[in-house]
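Colleague: Use these hints to put chain X onto chain B, whose structure you have.
Number of protein chains: 2
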Amino acid sequence: MKLYGYFRSSAAYRVRIALNLKGLAAEYAPVHLVRGEQRQAGFLAKNPQGLVPVLELDDGSLLTQSLAIIEYLDALQPEPRLIPTDALLAAKVRAIALAIACDIHPLNNLRVLDYLKNELHHGREDVGAWVRHWLLKGGLDSIEHMIESAPFCFGASPTLADVCLIPQIFNARRFAAPLEHLPKIKAVEAACAELPAFRAAHPSQHSDAE
Amino acid sequence: MKLYGYFRSSAAYRVRIALNLKGLAAEYAPVHLVRGEQRQAGFLAKNPQGLVPVLELDDGSLLTQSLAIIEYLDALQPEPRLIPTDALLAAKVRAIALAIACDIHPLNNLRVLDYLKNELHHGREDVGAWVRHWLLKGGLDSIEHMIESAPFCFGASPTLADVCLIPQIFNARRFAAPLEHLPKIKAVEAACAELPAFRAAHPSQHSDAE
Chain B
1 MKLYGYFRSS AAYRVRIALN LKGLAAEYAP VHLVRGEQRQ AGFLAKNPQG
51 LVPVLELDDG SLLTQSLAII EYLDALQPEP RLIPTDALLA AKVRAIALAI
101 ACDIHPLNNL RVLDYLKNEL HHGREDVGAW VRHWLLKGGL DSIEHMIESA
151 PFCFGASPTL ADVCLIPQIF NARRFAAPLE HLPKIKAVEA ACAELPAFRA
201 AHPSQHSDAE
Chain X
1 MKLYGYFRSS AAYRVRIALN LKGLAAEYAP VHLVRGEQRQ AGFLAKNPQG
51 LVPVLELDDG SLLTQSLAII EYLDALQPEP RLIPTDALLA AKVRAIALAI
101 ACDIHPLNNL RVLDYLKNEL HHGREDVGAW VRHWLLKGGL DSIEHMIESA
151 PFCFGASPTL ADVCLIPQIF NARRFAAPLE HLPKIKAVEA ACAELPAFRA
201 AHPSQHSDAE
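Heads up: the protein sequence lines correspond to chains B and X, in order.
So for the first sequence, the working numbering puts the first residue at 1; every next one is plus one.
So for the second sequence, the working numbering puts the first residue at 1; every next one is plus one.
Isolated chain B (complex conformation) (with noise of 0.2 Å):
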């Protein structure tokens, strides 16, 4: 398999972690967001999106989406389960793992802020108040109400939820957003700070870091 992504995208964070939660191993392919590689012809043949991650598998199916790629991996490999088999608790994790992909992270997308810097001639201030607004409201401050244990989002080990929480906490801390009224979600962070499969995955350990 082959993983396209960009070590600061936290759609590729996640599907990384995942990857590494299940022992897979995918060459990493980066594609530069901030020169525009994802807009050139050859990347938008893997994806009409423009965007990463995308998962190339080994008969050359193209996988979108971060987390269509990680319901798959659940599939192809159902230990450790991401995604619980009870239909209810899958339900409370996909809605946190959603409310982060839905609700907050397509906001702050780069896309967006180049939207809101170049076509809508917005600057640092507003767009840094963009960014924590969505991060927070309506964001992190309600995913906080919808973790439900420790030490990880539902209990002893880590699902999709806490594989999309981590990369959105680390877009967190980049954008200088306060999280100290957040402690069930530091406490999450904590655990899996612990966990090689979350180290590993962390956009400083790529190799298109900067």
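Don't read these hints as lab results, they were simulated from the structure.
Keep in mind that a hint or two might mislead.
[Claimed, not checked] Below, simulated DMTMM-like cross-link-like pairs (lysine to aspartate or glutamate); rule was C-alpha separation at most 20 Å, straight line: (1) X:Lys46 to B:Glu144; (2) B:Lys117 to X:Asp126; (3) X:Lys46 to B:Glu148; (4) B:Lys46 to B:Asp58; (5) B:Lys22 to B:Glu194; (6) B:Lys137 to X:Asp126; (7) B:Lys186 to B:Glu125.
[Said to hold, decoys possible] A few chain B residues that face chain X, going by a derived Cβ cut-off under 7 Å, partial list only: (8) Gly23; (9) Arg94; (10) Cys102.
Note that the Cβ used here is the ideal one computed from N, Cα and C, for glycine as well.
Modeller: Relative to the frame of chain B, chain X by itself:
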């Protein structure tokens, strides 16, 4: 079951379609988003995110996030299947659903348009251009290339991809986004319009429609 929704919320519209396709009945409880009912304490106790839809089960369990709810319904009542059992096909179906649910819809949600108007002081013209930009570019323009077959996105029966696409097309028409260059999407729209499950879920068919 009880579905908390808003007639024009495309996330609630997705869940209505899924319930109808599966022949599952749910009491409808309108939450008036424009009047801010989703930010009242009573509703925040059901969903800390302050978003619709919420599905309340008969045992009092509260499910949030439309795609998590639909995955739950697909496990509860597997026929007709909205997420294929084949893992690779499921990944492609989920990729279209997520391309809509992550990369189009949250950018054009009421709370984001309100932020553009009230916090960043943009007028109707800028907001309309924003909506159409995310609807088409990296949105429906890319999804056109991800649709694999006819009459539905993935063959002879609707999947989660169609369930997400139809409400997004409704939004596109509301904001006068041009769709003439998207023949596959228009064909899916026509096929779904033939099905009572999709017709009965339309925003105009709900008690809170204005």
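Colleague: Which earlier hints can't be squared with this structure?
Modeller: 6, 7 and 8
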